[in-house]
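Chains A and B, in that order, give the protein sequences. Mapping to the working numbering: the first sequence position 87 is 87, numbers consecutive. Mapping to the working numbering: the second sequence position 18 is 18, numbers consecutive.
Watch out, some of these pointers could steer you wrong.
[To be verified] Heads up, simulated DSSO-like pairs for lysine-lysine below, C-alpha to C-alpha not over 27 Å straight-line:
1) A:K99 / B:K65
2) B:K71 / B:K57
3) B:K65 / B:K18
4) B:K69 / A:K99
5) A:K99 / B:K57
6) A:K99 / B:K71
[Said to hold, decoys possible] Rough simulated footprint, nothing fancy, chain B against chain A, three-plus residues with beta-carbon under 8 Å:
7) 54-68
8) 102-109
Keep in mind that the hints were calculated from the coordinates and are not lab data. For each residue, glycine too, the CB sits at the ideal point set by N, CA and C.
Here is how the chains run, residue by residue.
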Amino acid sequence: GDSVTQMEGPVTLSEEAFLTINCTYTATGYPSLFWYVQYPGEGLQLLLKATKADDKGSNKGFEATYRKETTSFHLEKGSVQVSDSAVYFCALSAPGGNKLTFGGGTRVLVKP
Amino acid sequence: EAQVTQNPRYLITVTGKKLTVTCSQNMNHEYMSWYRQDPGLGLRQIYYSMNVEVTDKGDVPEGYKVSRKEKRNFPLILESPSPNQTSLYFCASSSRQGRAYEQYFGPGTRLTVT
Chain A
1 GDSVTQMEGP
11 VTLSEEAFLT
21 INCTYTATGY
31 PSLFWYVQYP
41 GEGLQLLLKA
51 TKADDKGSNK
61 GFEATYRKET
71 TSFHLEKGSV
81 QVSDSAVYFC
91 ALSAPGGNKL
101 TFGGGTRVLV
111 KP
Chain B
1 EAQVTQNPRY
11 LITVTGKKLT
21 VTCSQNMNHE
31 YMSWYRQDPG
41 LGLRQIYYSM
51 NVEVTDKGDV
61 PEGYKVSRKE
71 KRNFPLILES
81 PSPNQTSLYF
91 CASSSRQGRA
101 YEQYFGPGTR
111 LTVT
C-alpha cells in the first residue's frame, strides 16, 4: 500500500537558518502530495501541495518540488523564524482519492 | 468563517463508558473523515464518509463507529472505550480543488481512557 517516510525530529534551528525536511513516498501512479503544519494546540493546516511531477508548491516562504524520479517531496525554507516552530507532516493522496496517507511528522523548533 | 468544529476538545473517561465526539463543518463538503494521531505514527484514518448515509472503514476502524445522517455532521462513537484508544482525534472535511482534494481539519479532541 501507499506509504510516506519523513525524517524524524526534533529539528532544532536558529532563527534565519535554512530548513530542509526530507519526505519520500511509495505509491502507485501519480499521487497528489501535501505538506501540512500543526502549530501547538491546533489542528492541521495545509501548507502547500503539488499534484503532478515537477510541480512546485509554495506558501509562506516554504517550497517543495514533486520529484517523480526520486519519489520525493522535500520541504525547504530559506530563513526560518521562531513562528515556524511546529510539527510538519508530509502526506499523499491517490489520484482522484480523498484519503490522506501521512508520514510520522517532524517537529521543528526554531530558537531566537 | 469556513471551519470544522469538534466537541469536546478534551475528554477523560473510564474503560467501557460509551462516548461520542461530535464533528460539524459549514462548507457543504461531501467528504468527511476521522483520523487519530499517535506519536511517531502520524495520522491514521479511522472512518470516512463520501456523502450522507455513505460510510466506510479506514485503516484503523476497530472499536469505533460513525454515522452520517446529515451532510454537515459526522460523529465518532466509541461504544466501549479502551486505554489503547487514548489518542488525539481529528475530524476533516474536503472538497475537490483541481486534481486534489483539499482537506480541512478540526482543532482536535484529546481523549484519555483510564
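Sort out which numbered hints this structure fails and list those numbers smallest first. 7
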